[in-house]
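Numbered per my numbering, the sequence shown spans residues 1 to 246.
Source of the hints: derived by calculation from the structure; they are not laboratory data. Since the structure is predicted, the reported quantities are computational estimates derived from the model, not experimental observations. Idealized CB from N, CA, C, for every residue including glycine. Wrong hints could be hidden among the right ones.
Estimated spans, in silico, between C-beta atoms of each pair [to be verified]:
(1) 61 / 124: 21 to 27 Å
(2) 32 / 211: 23 to 29 Å
(3) 161 / 108: 17 to 23 Å
(4) 67 / 138: 18 to 24 Å
(5) 85 / 212: 19 to 25 Å
(6) 1 / 211: 18 to 24 Å
(7) 94 / 66: 21 to 27 Å
(8) 98 / 67: 23 to 29 Å
(9) 126 / 59: 21 to 27 Å
(10) 124 / 33: 46 to 52 Å
(11) 60 / 108: 20 to 26 Å
(12) 211 / 167: 15 to 21 Å
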Amino acid sequence: MAALAGAGFFAGLVDSIAGGGGLVTVPALLAAGLPPQIAIATNKGQACFGALSSFASFWKRGQIDRSRAGAGFAFGLVGSFAGAFVLLRVRPEPLRPVVLGLLVLAAVVVAWPRKVPAGAAPKTYRRPWLVLAPVALGLGFYDGFFGPGVGSMLIVAFVLLFGDGLIRASGNAKVVNLASNLAALTLFAVKGAILWRVALPMAVANAAGAYAGSALAVKRGDRLVRAVVLAVVAALVVKLGADLFR
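All chains should be modelled from the sequences, with the hints used to inform the complete structure.
Okay, structure coming up:
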């Protein structure tokens, strides 16, 4: 339990600086012996607290486009619920190699250097919800089914599609991320898929890590934490791969 709480703390630290905290907690839960569905559901149980806190912080600072927030939340909710439903319908055995592959893919997305301008030119649409719908539905589904790396994917999507600066893109991403977390959490909780005795201590540790991370977000902090995350993920992927092909 101490190791998982440590993973939760480090994930909170990582999320507040570089994103990709799920790349720490999901492999850690899998390495602890939890079946894929239970590991992903338990991760949602601890991650939802951080998502709510982040959303509130960005909303308070005016870094969320309120004209898009409703559509982003609604589509993220629907997509995530569908993803979580599919996850609970599949057997755990064939899911392990899929999860392993998704972990590698998510790690690549988080590690990929994002050379985007901090103040990109805003893009306007007559019906912005039509542009937002496939993004929120698709990434919401991914978040409900798996999750790690979705925050980075959402930020890139908002920069490319709407011309948001990085800070505003992060804020708008939190809307979809909060919705997808709440939808998946609700379904997983109703189905009894969350191991609460693990999720709650990890949630407390995650919150503490996020608080500490906000103080450590200095120059080059992103690069340092990203390197550590990838090292941890690489070690855990090797372990899971060895277990899979043993």
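Structure-based check of each hint:
The supplied range of 21 to 27 Å is met by residue 61 and residue 124, whose beta-carbon atoms lie about 22 Å from each other. Range check, residue 32 to residue 211: about 25 Å between beta-carbon atoms, so the 23 to 29 Å window is met. Between residue 161 and residue 108 the beta carbons are some 21 Å apart, a value that agrees with the proposed interval 17 to 23 Å. Taking the beta carbon of each, residue 67 and residue 138 are about 21 Å apart, inside 18 to 24 Å as hinted.
At about 35 Å, the CB distance of residue 85 to residue 212 disagrees with the hint of 19 to 25 Å. Separated by about 21 Å at the C-beta atoms, residue 1 and residue 211 satisfy the suggested range of 18 to 24 Å. At about 42 Å, the CB distance of residue 94 to residue 66 disagrees with the hint of 21 to 27 Å. Against the hinted window of 23 to 29 Å, the Cβ-Cβ separation of residue 98 and residue 67 comes to about 37 Å, which falls outside the hint.
The given range of 21 to 27 Å is respected by residue 126 and residue 59, whose C-beta atoms sit roughly 26 Å from each other. Checked against the hint of 46 to 52 Å, the C-beta distance between residue 124 and residue 33 comes to roughly 50 Å, which is consistent with it. Between residue 60 and residue 108 the beta carbon distance is about 33 Å. The supplied range of 20 to 26 Å is therefore violated. Distance hint check: the CB atoms of residue 211 and residue 167 are about 19 Å apart, consistent with the given range 15 to 21 Å.
Of the hints listed earlier, those the structure fails to meet are numbers 5, 7, 8 and 11, in rising order.
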